[in-house]
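The numbering of the sequence shown is full-length UniProt numbering, which starts it at 1 and goes up by one.
Worth flagging that the hints you see were computed from the coordinates, not collected in a lab. Hints are not guaranteed to be accurate.
[As the list claims (entries may be wrong)] Label-pair restraints from in silico Cβ distances:
(1) 144 <-> 40: 22 to 30 angstroms
(2) 231 <-> 59: 42 to 50 angstroms
(3) 83 <-> 144: 30 to 38 angstroms
(4) 68 <-> 164: 29 to 37 angstroms
(5) 141 <-> 231: 38 to 46 angstroms
(6) 211 <-> 40: 25 to 33 angstroms
(7) 140 <-> 59: 38 to 46 angstroms
(8) 170 <-> 143: 43 to 51 angstroms
(9) 173 <-> 16: 21 to 29 angstroms
As the structure is a prediction and not an experimental result, all values here were calculated from the model. The C-beta atom is built at its ideal place from N, Cα and C for all residues, glycine as well.
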Amino acid sequence: MEERQRPESAEPVRAAPPWAGIAVAAVSMAAMAAADAALWDRIPEAVTTRESTVHRSAVRVPREVVAAAFPAALALVAALLAMSARVDAVLQRRLHTTPFAGAAPPPRTRTAGANTVLGLLGPFMALLHVGMLMHFAGYAVPVERGAAVAVGVLLVGVGVLVPRLGPPGEPVDPALKRLAAAWHRVQRPGGFATAALGAGTAAGALVLPPLAVALTAALLVAAVYGFMFALALRRLR
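My request is simple: use the sequences and hints to build the entire structure.
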């Protein structure tokens, strides 16, 4: 029986750090810091994040926690993605002698993916951060409605950008290689469906209960990707 060919080099090519995405994240964190400075004196020292009811007491946190939550989360994501090149190289080396060898997308695709994550997540989190601070500072800001609209815009970005990231990996296993190619082919219709869902979410959040709209969008995104996977499997037949 003829032995399947595996990649000749045992040393995988590392993806470049997502510098463009890191730059967007840095600008987003600077915007969040500017909002912190501008609104700091108007925010109570103890912020109520959950009102009291008959069955539970109120939850209050220091304003430092509120001011640092989103910037810290974004900084953590940026750091993890910046370090992902080293981890990715280790994983590829471990998978080199398995049927999953070559399954990782090319370095340029991986870098584009990390840039997309940070490029979308940075402005999204900055918008939520500013809205939350304005709410706690006493401004009449429709936080829930704004957050639901932001979710819709984020989904539009995902739907538009993800299908354009680049080619998939080429696993040495023939079945996995066909599956990767089939999954790549369904990215464009899946991206269109995701973008349409995002536009509907943003529009619906303006006139419908925003929390219900956001939860429905989350369920429908899962349904879209489940349908994409089923369609990819069907194209293998």
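Q: Indicate whether the distance between the beta carbons of residue 211 and residue 40 respects the range 25 to 33 angstroms.
A: Hint holds: Cβ distance 29 angstroms, inside 25 to 33 angstroms.
Q: Just tell me: holds or violated, for the beta carbon distance of residue 144 and residue 40 against 22 to 30 angstroms?
A: holds (24 angstroms)
**Q.** Cβ separation of residue 173 and residue 16, checked against the hinted range 21 to 29 angstroms
**A.** Distance hint for residue 173, residue 16 holds at roughly 27 angstroms.
Q. Lying within 43 to 51 angstroms: is that true of the beta-carbon distance residue 170 to residue 143?
A. holds (46 angstroms)
Q: Mind checking the hinted window 38 to 46 angstroms against the Cβ distance between residue 140 and residue 59?
A: Violated, since residue 140 and residue 59 (Cβ atoms, about 22 angstroms apart) do not stay within the stated range.
Q.
Just to be sure I understand the hint, the distance between the Cβ atoms of residue 231 and residue 59 should be within 42 to 50 angstroms; is that true here?
A. For residue 231 and residue 59 the Cβ distance comes to about 44 angstroms; the hint holds.
Q. Using the C-beta atoms of residue 68 and residue 164, is the stated range 29 to 37 angstroms upheld?
A. Since the Cβ atoms of residue 68 and residue 164 sit about 34 angstroms apart, the hinted range of 29 to 37 angstroms holds.
Q.
38 to 46 angstroms was suggested as the range; check whether the CB atoms of residue 141 and residue 231 agree with it.
A. holds (41 angstroms)
Q: Could you see if the CB distance from residue 83 to residue 144 stays within 30 to 38 angstroms?
A: holds (34 angstroms)
When the structure is compared with the earlier hints, a violation turns up for hint 7 alone.
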